[in-house]
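Asks: All chains, full assembly: derive it from the sequences and hints.
Those sequence lines, one after another, are chains A and C. Counting with the numbering used here, you get residues 1 to 423 for the letters of the first sequence. Counting with the numbering used here, you get residues 1001 to 1292 for the letters of the second sequence.
Simulated from the structure, these hints should not be mistaken for lab results. Accuracy of the hints is not assured; some may be wrong.
[Claimed, not checked] Straight-line alpha carbon distances no greater than 35 Å define the calculated DSBU-like cross-link-like pairs of lysine-lysine that follow:
hint: 1; chain 1: A; residue 1: K404; chain 2: C; residue 2: K1065
hint: 2; chain 1: A; residue 1: K313; chain 2: C; residue 2: K1065
hint: 3; chain 1: A; residue 1: K415; chain 2: C; residue 2: K1228
hint: 4; chain 1: A; residue 1: K148; chain 2: A; residue 2: K184
hint: 5; chain 1: A; residue 1: K108; chain 2: C; residue 2: K1047
hint: 6; chain 1: A; residue 1: K321; chain 2: C; residue 2: K1047
hint: 7; chain 1: A; residue 1: K172; chain 2: A; residue 2: K356
hint: 8; chain 1: A; residue 1: K404; chain 2: A; residue 2: K53
hint: 9; chain 1: A; residue 1: K128; chain 2: A; residue 2: K359
hint: 10; chain 1: C; residue 1: K1002; chain 2: C; residue 2: K1103
From a predicted model like this one, the values you see are computed outputs, not experimental measurements.
The residues making up each chain are set out below.
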Amino acid sequence: MKKVSIIALVVLLLGSMVFAAGAKEEATQGPKALKVMLSEEPSSEDALLNTLKDWAAETGNTIDVMVIPYEDQLTKFPLMARNNDLPDLISTTRLTRLYPDEFIDLGKEFDMSIFEPMAVEIIVQDYKSDKKANLPQQFTITNVYYNKDAFNRVGLVAPTVDNPWTFEELVKNAKLLKEKGGVKYGMAMDSSRARYDNLMYANGGSMVEKDGDSFVVTINSPQNIATLEAFIEWNNSFMPKAIWAGGSTDNPADYFRNGDVGIYFSGTWNYNTFYNEIKGMNWGVMPSPVGPAGPSAILGGSGLGVPANAKNKDLAIDFLKWFYTKENFQTYLNRDKGLSSLVGVTYSPADQQVAKDYKVLQSEVSKVSHAFSVDESSMWRNFYDNEYRDAMRQAVNGDISAAKALNDFAELLSKKSGWPLKY
Amino acid sequence: MKTPYVKRHVTAFWFFIAPCLILFSVFFLLPLCLSVGLSLTNYDGWKTMDFIGLHNYTELVRDSKFYDALGRTFGYTLFSLPFKVIVPLLIAILVTSKRVAIKGLARTMVYVPSLLSHLVVGITINWMFSAEYGLVNYLIGTIGGEPMQWALNPRLATFVISFASNWASTGFYMVIFIGGITNISSDIYEAAAIDGSSPVQTFFHMTLPMLAPTTFLVTLLSTVNLLKEYALVQGITQGGPGLNTTFIIQFIFDKGFNQMQYGYASAISLLVMIIFAFIAFVQFKISNGGDK
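Replies: Put into structure tokens, the structure is as follows:
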């Protein structure tokens, strides 16, 4: 009886092991959860989120979205990486640039020629190696919105792609809008370095210049000081000064939405939101103004990266392969209403006005300056991005002069980067 | 030679203090030691960590922005501290007075802001003091006044943060003062009344001196909290206009978590901790710990 019991127990154990192994096999082949990290809470209209849902519905997998705000990423990402707790897919503007070793080389998985070369250069930022730590997802560019109602009130006609305004015309019209256009501010600009830098490039300035294999710091050049002085004057005259002087958490996009701004410098990422949400006024898109050194626009955007230690990195790659097919990317682009980073795929809006605006937005891409590309390739932002912002804030607030702000920052940048000063 | 009784006594002593000792070690001593170690390196929060000796400290003593941030912090603390102590004291006197009705409701309403997170306080204050769409400027406009530049004038911006900080903490300090006031024996007040003391005389010559230990506690807590003000600043002014409301904790946070200079931020933190401890020590000495 004892022997029979032992044999029965052994059979039961073996049976359990076989069953467990089968179940495990089934689990690895069944539906999986793709953990995706975003930098802001997605709305119900969010293009990437809805595309992820399409993929989940089509493949039977599930998605698990986590949001780590942009400003918290630098503290949380390193901790997550150390704890091997990174998600499977990350939509990011800078993590792949700051921590390239933590991501797999997607260049080995994808034919990079399917992407627009400019998108790869600006978003993937593979300046120091051939590694492609992310693939371009959302391709954005700075652009200018205008309040049609305010323009009509002063009899102003928006500039065209073939005949953009000069900076002199911009200033004159911004003042006119403030005085007679029924708006509180003639012009507003996001509190973002990239928006201001367009003025710098259009005036012939730059952060750095190439010097052999290295760089020299040129941020305190005479033309850059003159640009900042003019910008301070604009803020004192017809812009909401509190935005650039700091001291307010207001978003100038809200001022524009409320009809308080005549001309608004922002980017293509706002187009979809404005299209869906602004109902109380007429607005449009106009080409950016031209400075003495020509026009300037700044490209940017976010990419999709796969952490090397992700639990389901194969699943993330499967998603990316699905995402970058022409059909699926077209669906994504139609939702995003943005620029395309995939060769041969373009957004073709049915709405006539949107189609007209889209042409203006597309025309901005050709305005990206060489100086911007050189600045980006130096990766100077890895050193003192916030110090630059603080210097601008102090100068706009009138605490220090434009020259002191830029000279002090140039010295800091030179010290940290090891690049000599040109001025 | 220790007797079994003494041994048991010593063992019991260690058992009693062990929870506190462990928590204190894990959450204070260990981070402090780590901070001291990090302050001697160029740790960037990721992979770079070279020993650089006292370099961070020599940089720090030459950093004019450090002194600016510290000076602003002291200015803000000195400006806000009287309100932090006096306002809760006066409210506590009111809500313990026999002549005041609906004391329970009043206490609750004053205390509620203390329960809010600083994020919610920041949003509420922004709603009130926003230069463009704020309630206060709207009210000023309705009576024909010019809108106040809350976000552009450094003094007004500092005032808004101070107002928010006071609003959020008054309830907490009021409760401490109420505890102190109710502990004063009513016999003393009766004796004073019989001797012909007026309410004002009673307040200044009896209540205030007898509340000295409580006042010291509130002053000490307020000072430390004002010196460490961070979340409200982020939620209301983000350190602006310019750098006029960038206080020392924001400065440390910016160096450490935004510029990834963890070593340098640790050095600042240690120096600031010593300065704050010294201020608390001076307060303790001046007031004799609240004792008469």
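Asks: CA of K313 (chain A) to CA of K1065 (chain C), is that 35 Å or under?
Replies: Distance of about 45 Å is beyond 35 Å: violated.
Asks: Checking one constraint from the list: CA of K1002 (chain C) to CA of K1103 (chain C), max 35 Å. Satisfied?
Replies: violated, 58 Å
Asks: Are K404 (chain A) and K53 (chain A) close enough, with their CA atoms no more than 35 Å apart?
Replies: violated, 51 Å
Asks: Within a Cα-Cα threshold of 35 Å, do K321 (chain A) and K1047 (chain C) meet the stated pairing?
Replies: Given that 35 Å is the threshold and the Cα spacing comes to 32 Å, the pair holds.
Asks: Measure nothing beyond the straight line between the CA atoms of K108 (chain A) and K1047 (chain C); if it is 35 Å or shorter, mark the hint as holding.
Replies: holds, 26 Å
Asks: Quickly compare the C-alpha distance for K128 (chain A) and K359 (chain A) to 35 Å and report which way the hint goes.
Replies: holds, 34 Å
Asks: Take the C-alpha atoms of K172 (chain A) and K356 (chain A), compute the straight-line distance between them, and say whether it is at most 35 Å.
Replies: Within the cut-off at roughly 26 Å; holds.
Asks: Decide if the proposed pair is consistent with the structure: K404 (chain A) and K1065 (chain C), CA atoms, cutoff 35 Å inclusive.
Replies: holds, 14 Å
Asks: Has the given pair, K415 (chain A) with K1228 (chain C), been kept, meaning a C-alpha gap of at most 35 Å?
Replies: Measuring from Cα to Cα gives roughly 30 Å; hence the hint holds.
Asks: If you draw a straight line from the CA of K148 (chain A) to the CA of K184 (chain A), is it 35 Å or shorter?
Replies: holds, 15 Å
Violated hints, listed in ascending order, are 2, 8 and 10; each of the other numbered hints is respected by the structure.
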